[in-house]
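Residue numbers (the working numbering): 1 to 320.
It should be emphasised that the hints constitute simulated quantities derived from the structure, not laboratory data.
Where a beta carbon is used, it is the ideal one built from N, C-alpha and C, also for glycine.
Each hint should be verified, as a subset may be incorrect.
[Claimed, not checked] Restraint ranges, calculated between C-beta atoms of paired labels, are given here:
| id | residue 1 | residue 2 | range |
| --- | --- | --- | --- |
| 1 | Gly319 | Asp99 | 38 to 46 Å |
| 2 | Arg112 | Ile42 | 29 to 37 Å |
| 3 | Arg207 | Glu239 | 53 to 61 Å |
[Said to hold, decoys possible] Straight-line C-alpha distance at most 25 Å; calculated BS3-like pairs for lysine-lysine:
| id | residue 1 | residue 2 |
| --- | --- | --- |
| 4 | Lys213 | Lys102 |
| 5 | Lys136 | Lys102 |
| 6 | Lys213 | Lys136 |
| 7 | Lys233 | Lys246 |
| 8 | Lys286 | Lys269 |
| 9 | Lys213 | Lys106 |
| 10 | Lys54 | Lys106 |
| 11 | Lys269 | Lys246 |
| 12 | Lys246 | Lys177 |
| 13 | Lys233 | Lys269 |
| 14 | Lys106 | Lys136 |
| 15 | Lys233 | Lys177 |
| 16 | Lys54 | Lys246 |
| 17 | Lys213 | Lys177 |
| 18 | Lys213 | Lys286 |
| 19 | Lys102 | Lys54 |
| 20 | Lys136 | Lys177 |
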Amino acid sequence: MLQRRKSILHYLVLVAGGLLVAACARPQPIDTSALTTFTHHIGVFSLQVPQAWKQVQSEAPTEALALFSEPGGQAELSAYVGLLDRRLSETEGQQIVADLIKALLKSPSDLRLTDQQRQPDGTYVATLNFTRAGEKRSGTARFRAEPLALSGVILSGPEASWADFLAAMQPALDSFKVSLEYVQGTYFTPLNEELYALVIPVDWESRPGPDLKRVYSRNGQLQIAIAQIAEEKALTTNELAERGVKLGLRVLGRGTHTDTEQLPDGRMKVFIERGTDSAIGYIDQKDGFVIGLFFEVATDRLADYQPIIDFIYSTYITGR
């Protein structure tokens with residue numbers, strides 16, 4: 001998901017225009033009253049914001065952004081959600097969050113991030129300082145990585161009155177909510193074939209072939225292969241597993257079959273090791289065909305990609 005993060009966020013921030021750059025020459029009290037619920041127009045997140053603040057929203061294929069500005073330009077609030085296709089390590093998460101903060105703030109030249117940490121509940125937090133239109137700003141950022149979504153908010157305002165402003169805006173920050181149902185329904189697209197159907201992220205590459213379709217994650221680390229081969233004979237569970245392993249090795253290349261498991265839904269789950277990569281295959285027999293769904297990823301990242309593998313598999317159906 002995050003390999004092309006900079007260019008996508010650059011696009012989103014450009015769409016927002018100059019909403020967040022102008023500041024009043026003479027600071028005025030910041031209106032934090034009359035909080036009202038804002039919901040992004042594609043439904044992926046909501047939060048409460050002061051009714052008088054300016055707002056703009058935009059989206060890319062797997063991301064959504066809303067930017068809010070106090071009428072005098074003295075304070076700004078950003079809310080963001082993006083599809084997350086893997087679990088993040090602490091270091092990886094902190095770097096990605098830092099890049100998001102810089103992009104969403106339009107990369108102030110004097111931006112400083114301090115007190116970056118990952119809290120026990122998985123929330124990434126950071127304190128920030130920068131200058132906007134000649135005025136010193138303080139700010140806070142809170143991002144959370146959860147299965148299928150990376151989301152967060154950034155609030156900034158005048159350095160001189162930051163503590164009081166942050167306290168007044170805390171209810172708005174706490175109100176930020178992500179709808180994982182909308183993430184699943186908006187950022188994934190059906191892949192329908194004659195013998196099977198499943199969903200994949202809308203920006204993943206799909207390559208068709210004879211009796212075979214391959215799908216690649218945006219960063220190329222996860223590969224999905226769906227293959228089929230004619231088989232009229234009703235196979236036993238052992239025969240189905242054996243046929244599935246052969247199909248997987250034909251599709252993926254050389255490897256070693258290491259384990260087999262019969263699933264409650266009647267499919268066979270096979271495990272294949274291929275050097276530094278691991279493949280998990282789900283084998284089924286329907287309508288005169290053996291159908292195999294295979295996920296391949298580096299062995300040391302398999303656990304990180306398991307949530308999206310599980311979700312995609314939960315949408316998988318076979319048969320005409």
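Hint by hint, here is what the structure shows:
| no. | hint | verdict |
| --- | --- | --- |
| 1 | Gly319 x Asp99: 38 to 46 Å | holds (44 Å) |
| 2 | Arg112 x Ile42: 29 to 37 Å | holds (33 Å) |
| 3 | Arg207 x Glu239: 53 to 61 Å | violated (30 Å) |
| 4 | Lys213 x Lys102 | violated (38 Å) |
| 5 | Lys136 x Lys102 | holds (16 Å) |
| 6 | Lys213 x Lys136 | violated (54 Å) |
| 7 | Lys233 x Lys246 | holds (16 Å) |
| 8 | Lys286 x Lys269 | holds (16 Å) |
| 9 | Lys213 x Lys106 | violated (40 Å) |
| 10 | Lys54 x Lys106 | holds (18 Å) |
| 11 | Lys269 x Lys246 | holds (13 Å) |
| 12 | Lys246 x Lys177 | violated (46 Å) |
| 13 | Lys233 x Lys269 | holds (20 Å) |
| 14 | Lys106 x Lys136 | holds (16 Å) |
| 15 | Lys233 x Lys177 | violated (51 Å) |
| 16 | Lys54 x Lys246 | violated (60 Å) |
| 17 | Lys213 x Lys177 | violated (36 Å) |
| 18 | Lys213 x Lys286 | holds (18 Å) |
| 19 | Lys102 x Lys54 | holds (21 Å) |
| 20 | Lys136 x Lys177 | violated (29 Å) |
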